[in-house]
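2 protein chains.
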Amino acid sequence: MKKFINKVDDILLESLSGFAAAHHDLVRLQLNPNYLVRANKAANKVALISGGGSGHEPLHGGFVGYGMLDAACPGHVFTSPTPDQMLAAAEAAEGGRGVLFIVKNYAGDVMNFEMAAEMLPFEHATVITSDDVAVVNSTWTTGRRGVAGTVIVEKVVGSLAESGADLAACKALGDKVNSRTGSMGVALTSCTVPAAGRPTFDIGDDELEMGVGIHGEPGRRREKMREADLIVADLVAAILEDLKPASNAEILLMINGFAGTPLMELYLLYNTAAALLKKQGLNITRSLVGNYTTSLEMAGASVTVCLLDDEIRQHWDAPVHTAAMRWGR
Amino acid sequence: MKKFINKVDDILLESLSGFAAAHHDLVRLQLNPNYLVRANKAANKVALISGGGSGHEPLHGGFVGYGMLDAACPGHVFTSPTPDQMLAAAEAAEGGRGVLFIVKNYAGDVMNFEMAAEMLPFEHATVITSDDVAVVNSTWTTGRRGVAGTVIVEKVVGSLAESGADLAACKALGDKVNSRTGSMGVALTSCTVPAAGRPTFDIGDDELEMGVGIHGEPGRRREKMREADLIVADLVAAILEDLKPASNAEILLMINGFAGTPLMELYLLYNTAAALLKKQGLNITRSLVGNYTTSLEMAGASVTVCLLDDEIRQHWDAPVHTAAMRWGR
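These protein sequences, in sequence, are chains A and B. So in our numbering, spot 310 of the first sequence is number 310, and the numbers just go up one at a time. In our numbering, each number is its position in the second sequence, counted from 1, plus 1000.
Note that these hints are calculated values from the structure, not bench results. Just so we're clear, the structure is a prediction, and the values are computed from it rather than from any experiment. Just so you know, nobody snuck in bad clues.
Beyond 10 Å from chain B on every Cβ pair, some chain A residues (computed): (1) V136; (2) L167; (3) K176; (4) A195; (5) L243; (6) E311; (7) A318.
In silico DSSO-like links for lysine-lysine, alpha-carbon gap of 27 Å or less: (8) A:K278 to B:K1007; (9) A:K224 to B:K1002; (10) A:K224 to B:K1007.
Virtual Cβ for every residue (Gly too), placed ideally from N, Cα, C.
Here chain A stands alone, though its shape is the one from the complex (with noise of 0.2 Å):
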């Protein structure tokens, strides 16, 4: 294991740490229980607060800020964060009008946010994300995975929650957004959870892993290395076939880095993908290219397609301030 680290228990305090103080005009860290949360308190609107194990940054922290997130809570690697740290969240972020939870599908992730729901002094709803195609049932979830794709909901509920709507609104925006959604990835490297100190999965020279999870879970199966045209035709026609669009109907298109991944090869992907999409009719209004939902250093990237109406289109299109996503301001 070779990671820019100093004590493998102190990676998620200095890292969170680091991001802290590089945006601080944006967040404001909060220790034990741990949190980020915008530096400036939004009022009159739904709160919205994700979280989910660290090692998939630049989610959900990077994505605290005006038009998206007002809090998040970076468990572990890899590890859920516990019911403290969602209610402490809530606490420092909440401006009257409730919390919306939007938290991907893990068992872990679902029964933290539920038990923190209970105790929550506030009106509050929990969207679920389950984008990921690749798998009905994995390693820790029940249902299919939430990936990628959390980011759109994110972005979209963010534009609607700023606009002041209520906490019924941004739920059913958000869950909207979702069933809307489908994503799939692969793999060509393993990632190496700092705290285990070997490969999550062995994989060979010659193989990828193809619908594997964002911690390395299995995929639909083991395969050998092909071309990239070969590798994207899989993920697209898996995507397509669970969202089953309309003909011409409207997209967006999103290629996900796991981390290791160079953009050089993501723009490559993002190529294919679009020829691809466009030949079965689609159009594509809306992209979005880069390391969004990584996996530590994983080599490997994820296709994410959301069939955009007039309502998401304008909140994917409206003005956001964040680390890790910025435009309109």
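Go by the hints and put chain B onto chain A.
The following block gives chain B in isolation, referenced to the frame of chain A:
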């Protein structure tokens, strides 16, 4: 070599095509000769044109757009672009106020941009970036190498050019920023040039290359892997020895990833570097953390310090709208 590619010969074209498609609102791709140019040509400003070998994305194409570059000329992976590319890009981008080339100091790039400059039918000047304090001469360099500090030069001069300043002023500010910027990097792994098919250099599981170049060129020395704090201390010391900042100087601190190192580790490096620089009495008022000048899939990172003044800070803060850097609009 496990990469998302089809044929090795097609990587660059497919990746550029994907980039241009994903960012068609910002850039237009021209082929034979290859260059990226703003989708909407800017009038009445000095045209800023950069370029260099590919494999360092988002440098330089990711910085074409309002407030930064007018055009970028991508060579093959780790190979200088050719003079016909710069000439064609200048023809497309020039708007009556002349052309400023921004060139990283590598022998091939400098020679090819010089040849283009000699043939250019426009008023022109060149800023050579040479921020890497690691070594004086290197594999492909006479003098110091241009590395991640180039991004700061492009951003700051981009703002000045956008304001309507003349060629001499843009050239002078570029040289000033370069002279006030120092960088040094460290590699934990090599990278693999696709056409070569094998790692550029061998490095043990317990080794690092201190002062590595962005093409995997040798640095100051091969060392044993050690704690992040000790690695950062050496990088910061080398930079400060070079820049010799006044006590209480105002600085921009950049932690640049080489692509294979996750954000979690880059922010940990920021945390350490910021603490060391503060201990030296320096005042960090601006920060940038992420993958901005990469080396294919290399695991590693560099530290860059830029000595700010009112002029540089003002142009750093000015609005920018490119694929890889955006704020204020």
